[in-house]
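Residue numbers (this note's numbering), protein chains in the order written: chain A, 7 to 119; chain B, 8 to 122.
Quick caveat, the hints were computed from the structure, so don't treat them as lab data.
Treat each hint with caution, since some may be false.
Stated by the list, open to error - Capping the alpha-carbon separation at 25 Å, the derived lysine-lysine pairs in DSS-like fashion look like this:
#1 B:K117 <-> A:K50
#2 B:K109 <-> A:K63
#3 B:K85 <-> B:K65
Because the structure is a prediction, the values reported are computed rather than measured.
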Amino acid sequence: NAGVTQTPKFRILKIGQSMTLQCAQDMNHNYMYWYRQDPGMGLKLIYYSVGAGITDKGEVPNGYNVSRSTTEDFPLRLELAAPSQTSVYFCASSHRERGYEQYFGPGTRLTVT
Amino acid sequence: AQSVTQLGSHVSVSEGALVLLRCNYSSSVPPYLFWYVQYPNQGLQLLLKYTSAATLVKGINGFEAEFKKSETSFHLTKPSAHMSDAAEYFCAVRLPGGGYQKVTFGIGTKLQVIP
Numbered sequence: 007n008a009g010v011t012q013t014p015k016f017r018i019l020k021i022g023q024s025m026t027l028q029c030a031q032d033m034n035h036n037y038m039y040w041y042r043q044d045p046g047m048g049l050k051l052i053y054y055s056v057g058a059g060i061t062d063k064g065e066v067p068n069g070y071n072v073s074r075s076t077t078e079d080f081p082l083r084l085e086l087a088a089p090s091q092t093s094v095y096f097c098a099s100s101h102r103e104r105g106y107e108q109y110f111g112p113g114t115r116l117t118v119t
Numbered sequence: 008a009q010s011v012t013q014l015g016s017h018v019s020v021s022e023g024a025l026v027l028l029r030c031n032y033s034s035s036v037p038p039y040l041f042w043y044v045q046y047p048n049q050g051l052q053l054l055l056k057y058t059s060a061a062t063l064v065k066g067i068n069g070f071e072a073e074f075k076k077s078e079t080s081f082h083l084t085k086p087s088a089h090m091s092d093a094a095e096y097f098c099a100v101r102l103p104g105g106g107y108q109k110v111t112f113g114i115g116t117k118l119q120v121i122p
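Same shape as in the complex, but just chain A (with noise of 0.2 Å):
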């Protein structure tokens, strides 16, 4: 199993502009998360997701969106990019039985200037 796969790695991304975070796991889990790390905050939840079809808003979810139209994915979309969403975004998923071990990507690293 590849687990919890993210893209890009690294983005620079101006002022404005739109991207999506791509995120996949193939543990066929229910459950799915999108973080941000920021420095001296710990991880701060964007969204979740608990089955295809099913998302809603986590600590932290003005200037994104997401969509679960599939088990396997969940993109994290940002619309409107601005400095303040300079961070690392890790996404993460669980399994229905066991959903308190939250397997993570390796994390995104986003820059807006």
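Guided by the hints, dock chain B onto chain A, whose structure is given.
Showing chain B alone in chain A's frame:
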């Protein structure tokens, strides 16, 4: 409501010395507690978890943590540090019965191991 506090954003130990990373939680009921490790340029990996069974929990790579309700603590320890232990460690908390998305992470502690 739940929260977690990690004391010390940076900890340095000598190779072979005891590793002690501190985590205190605040919760209305006994929570589930986790330690995750993040190696440079990688995602987080679960190190160990406490889910209301044995209070002394053993994890991977020789780490262990003890749940102490009276002290609201879940400190992470390892008897002898290795160079490969250099990483950032995150304590996390979730209330039983809460959704799996309701995990609160601490701000992290960077462990430096000095040869």
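Hint-by-hint comparison with the structure:
At most 25 Å may separate the alpha-carbon atoms for a hinted pair to count; B:K117 and A:K50 meet this at roughly 18 Å. Taking the CA atoms of B:K109 and A:K63, the gap is about 11 Å. The hint holds against a cut of 25 Å. Pair hint B:K85 plus B:K65 holds up; C-alpha atoms about 10 Å apart against a cutoff of 25 Å.
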